[in-house]
Structures are given as C-alpha cells and as structure tokens.
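Engineer: Position chain X relative to chain W; hints supplied.
Chains as they are written, first to last, in this note's numbering: chain W, 1 to 327; chain X, 328 to 654.
Worth double-checking, as some hints may not be accurate.
Stated by the list, open to error - Calculated cross-link-like contacts (lysine-lysine; reagent style DSSO-like; alpha-carbon spacing at most 27 Å):
no., chain 1, residue 1, chain 2, residue 2
1, W, 240, X, 506
2, X, 506, W, 237
3, W, 286, X, 418
4, W, 102, W, 32
5, X, 629, W, 286
6, W, 179, X, 629
7, W, 179, W, 22
8, X, 629, X, 457
To be verified - Ranges of calculated distance between the beta carbons of each label pair, as one might list FRET restraints:
no., chain 1, residue 1, chain 2, residue 2, range
9, W, 273, X, 418, 37 to 43 Å
10, X, 645, W, 305, 44 to 50 Å
11, X, 477, W, 240, 36 to 42 Å
12, W, 240, X, 361, 47 to 53 Å
13, X, 361, W, 193, 55 to 61 Å
14, X, 497, W, 204, 19 to 25 Å
Unchecked claim - Residues from chain X that keep clear of chain W, each with C-beta distances beyond 10 Å, as calculated:
no., residue
15, 423
16, 450
17, 558
18, 560
Honestly, the hints are just simulated from the structure, not real lab data.
The C-beta atom is built at its ideal place from N, Cα and C for all residues, glycine as well.
Below, each chain spelled out in residue letters.
2 protein chains.
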Amino acid sequence: MNYYVGIDVGGTKIYALVINEKGQILGRAKLKTGNNTQFNIVFERILECYRMACSTANIREDEINAVGLAVPSSIDSNRRIIKHAPNLGWKNIPIGDLPKEKFGKPAFLDNDVNMGTFGEYYFGAGKGYKSIYGMFVGTGIGGGYIANGVIIRGVNNTASEVGHSIIKMNGPQCNCGNKGCLEAIAAKVGMISYMKKLVDQDGKKTILDKIEPNWRTTVGSSALRKAFYKGDPVVLKALKRSARAIGVAAANLITLVGVEAIVLGGGVIEELGEFFMPRIKNSMVKNTFADGAKGVELLQSKLGDDAIALGAAWFVRLPENQAMLFR
Amino acid sequence: MNYYVGIDVGGTKIYALVINEKGQILGRAKLKTGNNTQFNIVFERILECYRMACSTANIREDEINAVGLAVPSSIDSNRRIIKHAPNLGWKNIPIGDLPKEKFGKPAFLDNDVNMGTFGEYYFGAGKGYKSIYGMFVGTGIGGGYIANGVIIRGVNNTASEVGHSIIKMNGPQCNCGNKGCLEAIAAKVGMISYMKKLVDQDGKKTILDKIEPNWRTTVGSSALRKAFYKGDPVVLKALKRSARAIGVAAANLITLVGVEAIVLGGGVIEELGEFFMPRIKNSMVKNTFADGAKGVELLQSKLGDDAIALGAAWFVRLPENQAMLFR
Chain W
1 MNYYVGIDVG GTKIYALVIN EKGQILGRAK LKTGNNTQFN IVFERILECY
51 RMACSTANIR EDEINAVGLA VPSSIDSNRR IIKHAPNLGW KNIPIGDLPK
101 EKFGKPAFLD NDVNMGTFGE YYFGAGKGYK SIYGMFVGTG IGGGYIANGV
151 IIRGVNNTAS EVGHSIIKMN GPQCNCGNKG CLEAIAAKVG MISYMKKLVD
201 QDGKKTILDK IEPNWRTTVG SSALRKAFYK GDPVVLKALK RSARAIGVAA
251 ANLITLVGVE AIVLGGGVIE ELGEFFMPRI KNSMVKNTFA DGAKGVELLQ
301 SKLGDDAIAL GAAWFVRLPE NQAMLFR
Chain X
328 MNYYVGIDVG GTKIYALVIN EKGQILGRAK LKTGNNTQFN IVFERILECY
378 RMACSTANIR EDEINAVGLA VPSSIDSNRR IIKHAPNLGW KNIPIGDLPK
428 EKFGKPAFLD NDVNMGTFGE YYFGAGKGYK SIYGMFVGTG IGGGYIANGV
478 IIRGVNNTAS EVGHSIIKMN GPQCNCGNKG CLEAIAAKVG MISYMKKLVD
528 QDGKKTILDK IEPNWRTTVG SSALRKAFYK GDPVVLKALK RSARAIGVAA
578 ANLITLVGVE AIVLGGGVIE ELGEFFMPRI KNSMVKNTFA DGAKGVELLQ
628 SKLGDDAIAL GAAWFVRLPE NQAMLFR
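This is chain W alone, in the form it adopts within the complex (with noise of 0.2 Å):
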C-alpha cells in the first residue's frame, strides 16, 4: 500500500492528514501555526504536524511516499519561490530542496486554494463533474480552476484568481491595486469597507458595535452569522451586495470558459451558506449570457477543514505531478 501527507500550512493552523492510494483518510493532526511566522520556525512545526499524523493514522514515516504542502501564497514553481503568504508575513521566500531534504522523500508546494479545490473535485462536491471553479470567500477571495484534471494555472500562475476578476470598472479600491475587483466587494475587506461607509456616512447603526467592537478592521464570519439572524440591517445590507456580486463574477465564468460547475466554499459561506447559495445562484442565473446557466451547478463544498490537505495529498500521489513543481 502507498501512503500520502497532506498539509495545509495557514495563518493560524497547520492541519495534516495521512490518505492511502484510494483516498481514504487514516488520520488527522492540527497544530497552531504560532506567532513567530519566521519561515524556519514554522517549517519545524510543520514536521511536527507531519510525525503527529502519521502517528495518529498508525503509520510509519518510511512508510509515506510523498508529501504535499499548501500555502495561502502564488507560487513561483520554477524559481521554487513563495512569493508572497500576506497571513504569515512571507514575501520571496526561495526554498529550493528544502522539502523533499526535511521530509526525506518528494516533497511539493502549492497554492491553497488549487489544493483545496482539487480536493473538491475528486472527493467533494465537485465529485464528478469535468470541469470545475472554485471560489472560497473568506477575508479575501481565492479561486481555482481545474479543467478535465488538469489544474489551470496561467502563464505566470495568476490564473484563477477570481478574488482579483474586476466586475465593476472603477469600483471600489482593492488592496491589490486595481478597483472594482470582486474581492473588494464581496469578501470580508469589500464588506467591512462597504459597513463602515453605511455607518460613518449614513449614519446606520449595527450591533456589530457589540458583537465585534474591532469589526473596523477584522470581523468574525461567525459574527456575520450572529449579526444577520438578529436582523442586522447593515449586516444584512453587506451580505445581500456581496451575494449579488459573487453571482456576477460565476456568471462571468460561464459565459467566459463554460464550466459545468461552480464550487463554493470558506468560512463566510460555511457560516451564511442557507443565507448565501439561493441568492448567489438568482444572480448567477440572472447575470449569465442567454440560457448560459442551464444546468450548471452551484454547489457548497463539502470537505470543510479536510480539503485543502486532501486536495494536497491525492495531487502529490500522481508522480506526474510531483515532477510539475520544483523538479
């Protein structure tokens, strides 16, 4: 039998798990990313995560054939750079061999959110489908795209990153410099702009005040959720703009590439997804070209906190694709 770890290395958590050549999950372990996010310090912990999942799932270390990390970061494959993990304060981070010599066998880096929605695609809600795009709404927005297996990445590893798609010219100022963009409307930073505009400027009141007094510059999907099922009419203003927008850029995927399936997940959808997949699928609908959106489906992702490293996991087992990043 072969064996696989993957890892999602994030901002506040490294979760690893250890999967058998079908797929199956033999075992599971979490660790907190920590605050000293000083590349070697976190690398440590990684390995540490990795010995805790082999020993939960009952498995020796000689025993796993590859090993599959994911960063929240665009990857330079052929430089074999992080290039920029805004969440742990990485920029340029050049590793070289440096995985495949701690772990000891073929290791291999990538984008979180391709791993995340690989994992989708062969396991989730994606299960079946040809092609696929997924988009996780979280603080930003990521996205990724795989089409017949393969996982799209653009010339310069840029593609999929649906966050940055501009759906309204001269809209709202993003943090990536260009307005208008997606993530600028409908993620966490477009809606705590678009709430502290209400308030300061309308004049509108919101118990987020109570619920998060620091919603100004960081608030809790979980907060969200609170908020809107006490009737938030801010909240809910917030909510209902950022729905329209998502459906606006899935309905720009379909009438730009045709995929047959739109997967959604991240935490605002997991904690509002009653709330948010019926009016992003109106919008969707109402926003694509013609009859466009006939039989394409909008689906929740349904690996939850599994996704990102099982996407790892089943993506390094193919030697194929270890060979694809940092030969």
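Structural biologist: Same frame as chain W, now just chain X:
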C-alpha cells in the same frame, strides 16, 4: 489529395474558400447575401458561392471531402438548430440533415467567431500558442476560446461570449437584457449610446453628423476612423473608453483562466488597430492581478476576411470534428 471548403455566412456577404489538406487556400468566392434572408433562399446562394469557389480553385465538387459552414449564431448541436442570428433575421431554424443532403457530403455548421478564432489559432496571429482567446469587435463583440486545440463551448454552447461578460455592475444597459456587459460599453452599440449622451446631454459636437448622418442608429468603422483622424473629440472619448473596457475584459481573461495570447479582430480593430492595440494593452496590463500579464501576448488578427472561412474549412477536415456537431 483531400480538399475542404469553408463558408462564412454573414449578414451582408457569403464568402467561401477551398483548401487542401495542408491548409493552403486554392480558391475563393464572394456573393452578396441579398435582401431576402429567408433561410432557404440564403442556402441556395451558399450553394452558388460554394460552386464558384470550387471553380476558382479548379477543383471538381466531387473532389471536396467536407464543407464547413460558419454562421453568426449560437448553434444547438444536439437539436441541430441555428438558435439566433439577428443579422440574418434567423431564429430557431431547424436544419437537420439539410447541409449534408444539399452538398452531398459531410457538411457541418458552427458559430462564426469560434471558426474565426480557430483559423487564427492555426494559421494567423495565434499560431504557436497553446491557448488563445479571440475578441472580435464590431457592432457587438464576439469571442472564441481555444485551449490545446479544442474549442471551448461550455455546457450550453454559450461559452466564449466575452462581449457579455460583465465588467461594470449596474453599468450601461445591454441588448441581451443585462447591465454592464463589455459589449454595451466597448462595441459600436456601446459607443453609439455613449456618444449620444455626450452630444444630447452634454452638448458636445461631432463631425459624424456630416460624415455619417445616421450615426445614432448605425456607424461604420471607417467613419469612426475618419472622425478620429479629423480629431473629433466625441469619437475620441468613445474610442478611449472602449479601449479601456476591452483591456479590463482581457485582464479578466488572464486573471480567471490564464490564456497565453489574446487575439483582437473585427471591423473596429481593423480600421483603428494603431489606436486600439497599445491602449488596450496598457489597460490589460494595469488591470491584471499581480504580474499576470507578463509574457501574455495581445495580438491583432492576421487573416482578415479569410479567418472564418479558413477556420471552418480546417475544422471540418477532422472526422472527429465532423462527428462532434450534427452526429
């Protein structure tokens, strides 16, 4: 030697060409579509044009292996229906085996912009790239997307309709019913609406009143060119706005699916390429996420009038493509 005919069926002209199995053009023919655009009448003229092209090429009709027809409509290939060709006044035309029967050999139908992009992919500006996206700017904006030699059609044959991707939520009304489509800003329909506003509401003057008195309804690309070179400020504003918007749509293609090259064509680009190409490129680079546009080519189409017919002829040469449409 095998020979193939491609026929570009447009609202004003029918254009046919004969190629050999290397894609070399052996003969061409052109006929006016005529005022009576009833389907059967037009089909007789298509046959006439076909015979003329064979004659020009010095090839007997019985030497032709297959015929590819390209029409300005989306095609329902399962039900064998031409869905809607506004330029010809056709709506839901069932064609069944008619082409095959009339030509007495495999004869297939596809969308004109798909075929034009296919032509550019193999013989024109897109030669040598794995994936290209074609944008053809005229009265509206048509698109075609080819990845690894395959025409991307989408679940409902509506993929690659880049003219109806939404780049400005709540923007100008589009003829398709939605708001803020690229076409409603950047194509001639969008320019006309905008120029009417500049003249009627803002009191600007335009020499189009002299050059093309009918410009509020329809305006030739050559009239736009003339007005631009005479320094008309209204036309200049409309052209600049159009270039910015096309650049945003191109940026979205890179950010969403990472194409290698974008090929621009159509009457507006052919007349004003020297104005449009650098401006579209600027806007594309500026509006693409991160360094995504680096190395992505923005190219002007090369095949001119031949593109669609050549693409159709080259497409039907493969038995699997013949089988794909109209089994």
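Engineer: If you check each hint against the structure, which ones fail?
Structural biologist: 5, 6 and 7
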